[in-house]
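The task is simple: from the sequences and hints, build the whole structure.
There are 2 protein chains.
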Amino acid sequence: MAVKENLRPGGRSARVQASVHEAVRTLLQSIERTDVTIPLIASEAGVTPSTIYRRWGDLQELLADVAVERLRPDMQPVDTGSAKGDLEAWAEQYAEEMSSGIGREMIRDVLAAQDNSNACKCYAFTREQMELIGDRAQGRGEGFPPVDAVMDRVVAPIIYRILFGDAPSTDHVRGLVADVMRSEAVAAIPPLPVSARKSG
Amino acid sequence: MAVKENLRPGGRSARVQASVHEAVRTLLQSIERTDVTIPLIASEAGVTPSTIYRRWGDLQELLADVAVERLRPDMQPVDTGSAKGDLEAWAEQYAEEMSSGIGREMIRDVLAAQDNSNACKCYAFTREQMELIGDRAQGRGEGFPPVDAVMDRVVAPIIYRILFGDAPSTDHVRGLVADVMRSEAVAAIPPLPVSARKSG
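Chains as they are written, first to last, in our numbering: chain A, 1 to 200; chain B, 201 to 400.
Hints in this document: simulated from the structure, not taken from any laboratory. There are no misleading hints in this set.
Sample of chain A residues at the chain B side, in silico, Cβ under 10 Å:
1. Arg-104
2. Val-110
3. Ala-112
Ranges between beta-carbon positions, derived for each pair:
4. B:Asp-235 - A:Gly-85: 46 to 54 Å
5. A:Arg-104 - B:Arg-304: 18 to 26 Å
6. A:Asp-148 - B:Gln-276: 26 to 34 Å
7. A:Ser-13 - B:Thr-234: 23 to 31 Å
Just so you know, these numbers come straight off a predicted model, no measurement behind them. Where is the CB? At the ideal position from N, CA and C, for every residue including glycine.
So, in structure tokens, the structure goes:
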């Protein structure tokens with residue numbers, strides 16, 4: 001799962017990225033998505049169209065890049081005092097955000113790009129959140145399933161249902177969480193030391 | 201989950217659909233996807249571009265419509281003699297097909313369309329296959345998990361991993377199947393009569 005290197009903050013390249021992203025967000029709020037073009041974005045951002053083509057290749061890649069930045073979590077999962085509570089609170093909020101109009105559009109933008117590195121970034125963001133909840137559980141001396149099991153049994157069904165069917169209900173999401181938290185995996189796998197968990 | 205009505209076979213509308221679909225498949229094999237346009241498809245299919253615009257709206261909807269037809273299962277799940285064997289054989293083949301280049305492209309086409317009725321059709325196709333395996337299990341007097349559990353715990357993680365990360369390994373897919381087949385749900389839920397299962 002290749003993930004693009006982060007840019008040096010404050011460098012010229014980072015400034016161009018910031019202004020182009022800002023231009024895309026502004027345009028998406030004010031005009032129809034199908035009317036957004038690279039020349040329009042360039043003009044709004046104060047760069048040349050060729051700067052954008054050189055860096056992003058095409059409009060779809062640029063939209064995916066902007067979407068993934070918006071999907072980057074801006075906070076740690078809420079600490080509710082228990083692993084099950086943390087996972088439930090996180091999963092309910094995640095399902096709600098991802099099934100909103102803007103959430104669906106962001107997922108679609110990320111998946112529409114030929115290059116799947118942005119989709120992998122989203123996967124990595126979510127995994128990190130799950131690792132944080134797992135580490136916190138360990139700190140409290142609670143059991144927690146392996147992160148792969150949480151991805152397969154909580155995250156995957158939420159996203160699959162949003163993309164292919166109807167958004168899962170709150171009860172359904174709670175059922176997924178309850179299920180993975182009482183699975184054999186929780187009891188069978190002893191909490192890992194933080195260092196081992198991080199490198200997994 | 202709205203699903204478009206099937207067309208009356210042999211009607212004029214069905215003939216137009218068949219020739220346009222055929223034209224799309226031919227063009228996708230011979231030229232770059234980004235070079236495929238509605239005028240080109242119309243010329244290949246022997247219809248006017250406006251026929252295509254009127255019926256499908258835009259290229260993305262047409263590509264989604266073609267993709268969903270290719271994703272329609274053309275056979276029943278293999279009968280291996282046991283529910284677990286049937287589900288395992290189905291899931292391995294599904295993961296292999298969906299993670300291939302053409303499989304990924306079809307999923308992407310289905311999801312890129314604004315109208316999600318095609319995505320829902322894919323969901324319905326897969327659900328039907330799971331119901332068939334469940335009915336067969338019942339005929340043998342075996343337990344089988346509720347179809348929703350199979351969708352969440354086998355189908356969803358396969359598709360999620362293909363879209364957002366790396367394709368799941370055969371071992372991973374087998375683990376998903378083993379897991380859902382030994383879950384509490386299998387033992388707790390008695391086999392339903394075929395009529396009740398079909399309407400569920």
